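**Student:** What follows is each chain in one-letter form.
2 protein chains.
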Amino acid sequence: MRTAYTNGKFITVNGQNQVIEDGVMVVEDGKIHSIGEKSNVVIQNVDHTVDLCGKWVLPGLINAHAHTHMTILRGIGDDMQLKEWLETRVWPAEGRYTTETSKWSTALGIVEMLKSGTTMFSDMFNPMNIDADEIASFIGETGIRSVFSRTLFSFGSEEEQRESVKQSERFAEKWKSAANGRLSTMVAPHAPYTCTTRMLEEAIRIADDHSLPVHIHASESTQEVQKSIDDYGKRPVAYLQQIGMFNQPTVIAHGVHLNQEDLGILAENNVAIAHNPVSNLKLGSGIANVPEILKRSIQVGIGTDSVASNNNLDMFQELRFAALLQKGVHEDARLMSAETVLRLATIEGAHVIRQPQLGSLEPGKEADFITINPKDKSHLQPEDYAVSHIVYSASGQDVSDVYVQGKALVLNGTCQTIDEEKVLFEAKRLFKQLSESVQ
Amino acid sequence: MRTAYTNGKFITVNGQNQVIEDGVMVVEDGKIHSIGEKSNVVIQNVDHTVDLCGKWVLPGLINAHAHTHMTILRGIGDDMQLKEWLETRVWPAEGRYTTETSKWSTALGIVEMLKSGTTMFSDMFNPMNIDADEIASFIGETGIRSVFSRTLFSFGSEEEQRESVKQSERFAEKWKSAANGRLSTMVAPHAPYTCTTRMLEEAIRIADDHSLPVHIHASESTQEVQKSIDDYGKRPVAYLQQIGMFNQPTVIAHGVHLNQEDLGILAENNVAIAHNPVSNLKLGSGIANVPEILKRSIQVGIGTDSVASNNNLDMFQELRFAALLQKGVHEDARLMSAETVLRLATIEGAHVIRQPQLGSLEPGKEADFITINPKDKSHLQPEDYAVSHIVYSASGQDVSDVYVQGKALVLNGTCQTIDEEKVLFEAKRLFKQLSESVQ
Chain A
1 MRTAYTNGKF ITVNGQNQVI EDGVMVVEDG KIHSIGEKSN VVIQNVDHTV
51 DLCGKWVLPG LINAHAHTHM TILRGIGDDM QLKEWLETRV WPAEGRYTTE
101 TSKWSTALGI VEMLKSGTTM FSDMFNPMNI DADEIASFIG ETGIRSVFSR
151 TLFSFGSEEE QRESVKQSER FAEKWKSAAN GRLSTMVAPH APYTCTTRML
201 EEAIRIADDH SLPVHIHASE STQEVQKSID DYGKRPVAYL QQIGMFNQPT
251 VIAHGVHLNQ EDLGILAENN VAIAHNPVSN LKLGSGIANV PEILKRSIQV
301 GIGTDSVASN NNLDMFQELR FAALLQKGVH EDARLMSAET VLRLATIEGA
351 HVIRQPQLGS LEPGKEADFI TINPKDKSHL QPEDYAVSHI VYSASGQDVS
401 DVYVQGKALV LNGTCQTIDE EKVLFEAKRL FKQLSESVQ
Chain B
1 MRTAYTNGKF ITVNGQNQVI EDGVMVVEDG KIHSIGEKSN VVIQNVDHTV
51 DLCGKWVLPG LINAHAHTHM TILRGIGDDM QLKEWLETRV WPAEGRYTTE
101 TSKWSTALGI VEMLKSGTTM FSDMFNPMNI DADEIASFIG ETGIRSVFSR
151 TLFSFGSEEE QRESVKQSER FAEKWKSAAN GRLSTMVAPH APYTCTTRML
201 EEAIRIADDH SLPVHIHASE STQEVQKSID DYGKRPVAYL QQIGMFNQPT
251 VIAHGVHLNQ EDLGILAENN VAIAHNPVSN LKLGSGIANV PEILKRSIQV
301 GIGTDSVASN NNLDMFQELR FAALLQKGVH EDARLMSAET VLRLATIEGA
351 HVIRQPQLGS LEPGKEADFI TINPKDKSHL QPEDYAVSHI VYSASGQDVS
401 DVYVQGKALV LNGTCQTIDE EKVLFEAKRL FKQLSESVQ
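So the sequences go chain by chain: A and B. Under the numbering used here, the residue at position 345 of the first sequence is numbered 345, and the numbers go up by one with no gaps. Under the numbering used here, the residue at position 428 of the second sequence is numbered 428, and the numbers go up by one with no gaps.
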């Protein structure tokens, strides 16, 4: 099937950051067939034509680090540092989850992500008490894309840990590629401070055996860095290198506290970073030095982390923080332009999560794109500086339509493949149940 | 006229930060008559009853520092430091303004502010080439509240400067209290680096003669502080104290670069600060040390500054930055709770701009309030942590209704007193005209 999208302003995020003012994009079988100025694109043999009426079109946003199953925990622990928050709020709540809680909490997150323009999320879910296959199947049905990874912890007895490794390996094999290529997975040991060396080595083995990348939290807080030095005589990055993790393609979430030696190791090993500016602020972790990281040619994507340390999944907000923080901290307004951060949430993010077929509007790429209608929005007027407004003024609520593989998942702000009302109803019910179970 | 608002969750921002779960508020003649739990409020002799159906209600947000006439300049200068941005972008563009440009640009800003829950803005407008009275009248007609101040600069010939002082004094006298008390003014010398000492002294005299507060930019950038030391041998705050400014009630916008001596002077003289976190980041000015400022019991409000350094007027975004920045910079998640920053944008902001009749939902206060309907919004679920979600997840687009003096200015997201379509049309037209005039 071939569809032509006409009369759009296409923000391509291609190598030249080209913006096509009066453009046409032809989509065929879920991929971008051609894109360009109206006068340069031949529209023929088209089954449908969609008139975008001047809307802005950009690649679907890529959330490089999320924990979507935690979405019903929005707001459970404000004003707490990472360690206390994990140990007194997050893990006890997750311990009371059932598969049903996990499913509808994930659904709530997917509704929020889709409606705010995220078409792909790289996720670390906590497998406690849940049927992970059911959640993965559900994600596949919604039509969104995900790199959905089962987290490994060194919690529980030796036997429980062995079982967890076994389950993770089985999960990795099963979900390596599913849902017409929209679903894949990585091997996801939680962090150097929650996994033993042995567990991390098992994770590396699984990644190697199944040719999968590794997704791990690292260098998030000063406390973590200190603990690594105390336990292993090395900072987290040097320790992970030493045990061989970086022989696998690896993405570390956070990378807030990196010294020059760390940066050297990451650059040399092509380790990518998922930058989570809002979560890092909210948990008092600090501010990653992204301009310095980019100078070393380390690839950077942008993530929201979970809503419990955010409290939303709006990638537009994340873009704004990513841009503005660095300008302010370094007292240099020239750092992190709107174009630069938009690349991080699209094409660069695609490389970070090892999905190079995504992230820009170019022929041959997957047809994952979103639209914004600036016409009647006072905060997007005047419309002339679209990229600036997208980064510095828009919010997820400005997103009108969302397409993945050429299929409309959101039209005019309404989900097409998910019953939003049911999702909100179930999420409320299960949060109530979860709250009552503590009392 | 007496109206009862029932079935609301009232976030009062009173002295106890009370949240009334199932509350009622009675409004009479533009003021809050009574408020409390349903069982405690007697509803009698009521002309109208409005069922809020579980909406959240909070005081109208107070924008403590804005330049609303600049709204059509959204996005004109990204990635530029303050000085270059003012001299090469903002002032040349303002120089091409007519009264008409100023009026519709202000209108665009008011539409944006009202729809995103701001009911009061303290403004510094640039009087170049415009009929200031026409703009003030227009603001009065919209129904919003404003402390609308005419900016003084030491630009132009001696005669022009004398004329500007004369006009400012006339304007101050005329607009001291208008539009049923919704409109007032301050004396607004632009900044220590754009006004001569003589001009600042004239401003102080006008403020003294007419019993008006002073609104001035100060200590915004390191460059400004250094220039003050070079020119006057003192940092901006010490210099302003020396010339007697702080004998008048004063609010300084920014206060990014304050040392202990500065803080001592501000505290001793009850000088208030309008904190503009986003603008300070965007222009590379830095990050004000708000926790330290609050420790000194200096009053702090929150402002957006103009959209040209933001790029929007959404106070919810500003709240989020105000809270999260400090947690991250100081690596302390306990700093700046949601309750604290919400107070800055409401009751504390009211004190900063010297309007103590505003800023909380309490009997006797002006009936300026806004509502949010969380029910069908995935990013506000579960609804239990309303204040946390307001600060960390909501955006201006979540605002449903906006009331000032008990009058509905926005209902269900639509302006009731302003023709939005005309405003957007005129703003687009005048921006186009402005752009063409450079070519």
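Keep in mind the hints are simulated off the structure, nothing from the lab. None of these values were measured; they are calculated from a predicted model. Keep in mind that a hint or two might mislead.
One copy or two, either will do: identical chains are not told apart, so a pair holds if it fits within one copy or between any two.
[As the list claims (entries may be wrong)] Listed next, the in silico DMTMM-like pairs over lysine to aspartate or glutamate satisfying Cα-Cα at most 20 angstroms (straight line):
id	residue 1	residue 2
1	K432	D22
2	K407	E362
3	K407	E436
4	K176	D208
5	K422	E141
6	K422	D208
7	K432	D376
8	K9	D29
**Student:** All hints, please: hold or fail.
**Tutor:** Hint-by-hint comparison with the structure:
Proximity of K432 and D22 under a CA criterion of 20 angstroms is satisfied inter-copy only: 18 angstroms between copies versus 49 angstroms inside one chain copy. Only within a single protomer do K407 and E362 lie at most 20 angstroms apart by alpha-carbon distance; the minimum there is 17 angstroms, versus 51 angstroms between protomers. In this assembly of identical chains, K407 and E436 lie within 20 angstroms of each other by CA distance neither inside one copy nor across copies; the values are 40 angstroms within and 41 angstroms between. For a Cα distance limit of 20 angstroms, the shortest separation of K176 from D208 inside one copy, 13 angstroms, qualifies, whereas the shortest one across copies, 74 angstroms, does not.
Taking identical chains as interchangeable, the C-alpha atoms of K422 and E141 lie at most 20 angstroms apart only when both belong to the same chain, with a minimum of 15 angstroms there against 44 angstroms between chains. With identical chains, the CA atoms of K422 and D208 are never at most 20 angstroms apart, being 41 angstroms at best within one copy and 62 angstroms at best between copies. Within a single copy, K432 and D376 get their C-alpha atoms only as close as 38 angstroms, which misses the 20 angstroms cut-off; across copies the closest is 17 angstroms, which meets it. For a Cα distance limit of 20 angstroms, the shortest separation of K9 from D29 qualifies neither inside one copy, at 22 angstroms, nor across copies, at 49 angstroms.
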